[in-house]
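Colleague: Sequence:
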Amino acid sequence: MAKEKETYQFWLVLHRDFPKTERYGLGRRIDNLFLEILELSFTAAYLPPEHKIIFLGKTISRLDVLKFFLQTAWENKLVPTDKYAELSKRLEEIGRMLGGWKKGLQKKTPAT
Numbered sequence: 548m549a550k551e552k553e554t555y556q557f558w559l560v561l562h563r564d565f566p567k568t569e570r571y572g573l574g575r576r577i578d579n580l581f582l583e584i585l586e587l588s589f590t591a592a593y594l595p596p597e598h599k600i601i602f603l604g605k606t607i608s609r610l611d612v613l614k615f616f617l618q619t620a621w622e623n624k625l626v627p628t629d630k631y632a633e634l635s636k637r638l639e640e641i642g643r644m645l646g647g648w649k650k651g652l653q654k655k656t657p658a659t
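In our numbering, the protein residues as written are 548 to 659.
In case anyone wonders, no lab produced these hints; they're calculated from the structure.
All C-beta atoms, glycine included, are put in the ideal place defined by N, C-alpha and C.
Errors might be hidden in some of the hints.
Unchecked claim - Using 27 Å as the maximum straight-line C-alpha spacing, the simulated DSS-like pairs for lysine-lysine come out as follows: (1) Lys654 x Lys550; (2) Lys599 x Lys567; (3) Lys567 x Lys614; (4) Lys630 x Lys654; (5) Lys636 x Lys599; (6) Lys649 x Lys567; (7) Lys630 x Lys650; (8) Lys567 x Lys605.
As the list claims (entries may be wrong) - Ranges between beta-carbon positions, derived for each pair: (9) Glu597 x Arg570: 34 to 44 Å; (10) Tyr593 x Pro566: 35 to 45 Å; (11) Gln618 x Glu597: 29 to 39 Å; (12) Asp629 x Pro595: 33 to 43 Å; (13) Gly651 x Pro566: 37 to 47 Å.
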């Protein structure tokens, strides 16, 4: 959860610099995806293993959508290249962590 929160805080600084029209469109969508990811990973931490796997799958899917929208923002020059590279690096790391968590649970949890 710490990496997700740090990355969201990094995003908040970028979001404040969006032009007003994009801040309430694409910016809001990206912001909502970040919040969904935080909520899903927080919830997953407190669930039994068989339910965690489902929530982690949803979290990973949301992360993929977030990456797509961030790329769209970068392509439209709403996010500077250096900040986009840093954000992408952080999101890749979060993806690896979530994927590893899910894979570890799948090995421990018998398939039903």
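Colleague: Verify the CB-CB distance for Gln618 and Glu597 against the hinted window 29 to 39 Å.
Modeller: holds (33 Å)
Colleague: Decide if the proposed pair is consistent with the structure: Lys654 and Lys550, CA atoms, cutoff 27 Å inclusive.
Modeller: Roughly 24 Å between the alpha carbons, so the hint for Lys654 and Lys550 holds.
Colleague: Would you check the hint for Lys567 and Lys614, treating anything up to 27 Å between C-alpha atoms as holding?
Modeller: holds (21 Å)
Colleague: Note whether the CB distance of Gly651 and Pro566 lies within 37 to 47 Å or breaks it.
Modeller: Check passed, 42 Å falls within 37 to 47 Å.
Colleague: Would the pair Lys567 and Lys605 pass a check requiring their Cα atoms to be no farther apart than 27 Å?
Modeller: Answer violated: Lys567 to Lys605 is near 30 Å, above 27 Å.
Colleague: Given the hint of 33 to 43 Å, is the C-beta distance from Asp629 to Pro595 inside that range or not?
Modeller: Since the Cβ atoms of Asp629 and Pro595 sit about 42 Å apart, the hinted range of 33 to 43 Å holds.
Colleague: At the C-beta level, are Tyr593 and Pro566 separated by a distance inside 35 to 45 Å?
Modeller: For Tyr593 and Pro566 the Cβ distance comes to about 39 Å; the hint holds.
Colleague: The hint says 34 to 44 Å between Glu597 and Arg570; measuring C-beta to C-beta, is that right?
Modeller: holds (40 Å)
Colleague: Given the hinted pair Lys630 and Lys654, is their Cα-Cα distance within 27 Å?
Modeller: Answer violated: Lys630 to Lys654 is near 36 Å, above 27 Å.
Colleague: Do the alpha carbons of Lys630 and Lys650 lie within 27 Å of each other, as the hint requires?
Modeller: violated (30 Å)
Colleague: Would the pair Lys599 and Lys567 pass a check requiring their Cα atoms to be no farther apart than 27 Å?
Modeller: violated (38 Å)
Colleague: Straight-line Cα separation of Lys649 and Lys567 no greater than 27 Å?
Modeller: violated (38 Å)
Violated hints, listed in ascending order, are 2, 4, 6, 7, 8; each of the other numbered hints is respected by the structure.
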